[in-house]
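Chemist: Sequences are here, hints too, so could you generate the full structure?
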Amino acid sequence: MENKIEISGLQVRYGDKTALNRISFDVHKNEILGIIGPAQSGKTTFLKVINRTLEFIPEATVEGTVKLDGVDIDTIDDVYELRRRIGMVLPLPVGLPLSIYDNVAFAPRTAGLRTKSELDEIVERCLQQAALWDEVKDRLDTLGTKLSGGQQQRLTIARALSHQPEILCLDEFSIAIDPVTTMRIEEVLKTLQTEMTILLVTNLVQQAKRLATRTAFFLNGDLIEIDTTDIIFSDNPGSQATYDYVNGTFG
Amino acid sequence: MNSMTTRAERKQKIVLQSIAFIILGVAFIFLWHELKNARATSGQPASEAILLSALSPLFNNLYIVLSMSLLAILFGIAFAFYLEEWLPATNWIRRLIESLIAILTGIPSIAYGILAILIFFSYADTLKEAIEAFPLPENIGTIPSQIETTVFYAEVLTFILMVMPLTIKTTQEALRSVATPIREAAYVLGANQWQVLTRQVVPIAFTRILAGGCRAMSRAFAMAALLIGIYTWHYTTELRGMSGRFILFLTVALFLSIFSSTLIWVHGSNSAQHS
Ligand SMILES: Nc1ncnc2c1ncn2[C@@H]1O[C@H](COP(=O)(O)OP(=O)(O)O)[C@@H](O)[C@H]1O
Ligand SMILES: [Mg+2]
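From first to last, the protein sequence lines are chains W and D.
Numbers 1 to 251, taken from the numbering used here, label the letters of the first sequence in order.
Numbers 252 to 526, taken from the numbering used here, label the letters of the second sequence in order.
Worth double-checking, as some hints may not be accurate.
As the list claims (entries may be wrong) - DEER-style ranges, computed between Cβ atoms:
| id | chain 1 | residue 1 | chain 2 | residue 2 | range |
| --- | --- | --- | --- | --- | --- |
| 1 | W | Ala-176 | D | Gln-444 | 21 to 31 Å |
| 2 | D | Thr-502 | W | Leu-204 | 56 to 66 Å |
| 3 | D | Thr-449 | W | Lys-17 | 55 to 65 Å |
I should point out that these hints are in silico values taken from the structure, not numbers from a laboratory.
Given the structure is predicted, the values throughout are model-derived calculations rather than measurements.
All residues carry an ideal CB built from backbone N, CA and C; glycine is no exception.
Modeler: So this is what it looks like as structure tokens:
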């Protein structure tokens, strides 16, 4: 099993508040890694470390190493290049003040792509992958923010795919969308798994159970355990806390 | 926005405003004194014709002052970008400038108006002497440049003191209204700071920045109107020609103010629709 990401001794603090407490684990290539845990347990913080957007928070400090394909991400000079290798879907869909087409073409354009035919191709492919193409193909030039919440979230997924990322991170992507749309996106994720590694942070443990190859349980900045989804959701996972959280008897 | 301020921020605001009012009060007493003196010494309106003609350089100045205000607004916008987007919030220069701005914007604009009038009145004598030194009306255009320059700089400074902090403040607020998650949406796609600014932040904040600029310009026009109004009121009985300008300036000020409010209103209902 090839490792896509290797995390060792990762510690993140906001001022003197510890958000991640020396966690170490590997993410395998082409797996869907489910990350579950109650609010405030450091899941979002972890994703921010991966694409180095944690650097926007002045009081945040990071110790330990995160390696992507064996390369320490701190040693990568071009952070924009690093971010283009990682697709990120945030909890709430945030529209760029642009048309649907320009939303999806944003990342390729910032990377310097100008050819219209290539952009057309990328836009269509990504909207297809995000299960949005059929609904918007006739109005690609309308504002992305005019779409419904579920459509906007799929637009952000299309956007995240537009730079052909090696890793796709989703942070509680279904928080603002209806169950039907959620199911459609889940189908999309299953097919995407063949092309990329997926980190699925979710507040719905059943979503991790449905999709994830392996699942990690975060609690108050600690990695309680990481194992195959079958074991995490079985009657005897490695830790009692995991069992309680997964079965809703937590706290 | 107001409802989002924390208790500490409200406290700070109250303190700043009280300081501003104390300064204002002291300044007013001082100005009142000066004004009385100014009127006492120039009490004899020797020749109305000359004084009327003396207005023309003032108006020439006013147009320059207004274009300077426009420049100050543009510069203020640029400066706000620098403060908000490039300097970290903890930077001491930024904090110093922001507290200065808080004090300056806390002063009601009428205070600036009084300041401008004071400056004008205290130079009115010199101006009059200068005019009397050149009895021929056609020489009025060539008032010794030294005097004109002093008044001019003083006026420009007043206008800049009034419009720039306001512009910086409204622009900063507009930029701040583009919250971190909205910026992040562009950053996670691999955009650099410049791209995030030009393609994400500015398009969103543009209306509010424009509205802030219009409001500042409106203030400048209102003050210019005040200056004309008070000057002509004191020195002439022939108001016809002058009041036309007074009303023009006031109308422009009013129009800009309404335009600014409309922008904010339209912008508000638009963004409510979008989210
Ligand atoms: N910008 C921040 N500044 C200070 N503390 C933060 C910030 N973001 C997150 N935290 C803290 O870090 C901890 C982990 O937060 P987060 O990573 O958002 O958890 P989760 O995504 O699991 O809810 C929490 O205690 C939270 O309060
Ligand atoms: Mg979170």
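Chemist: For this structure, which hints from the list above don't hold up?
Modeler: 3
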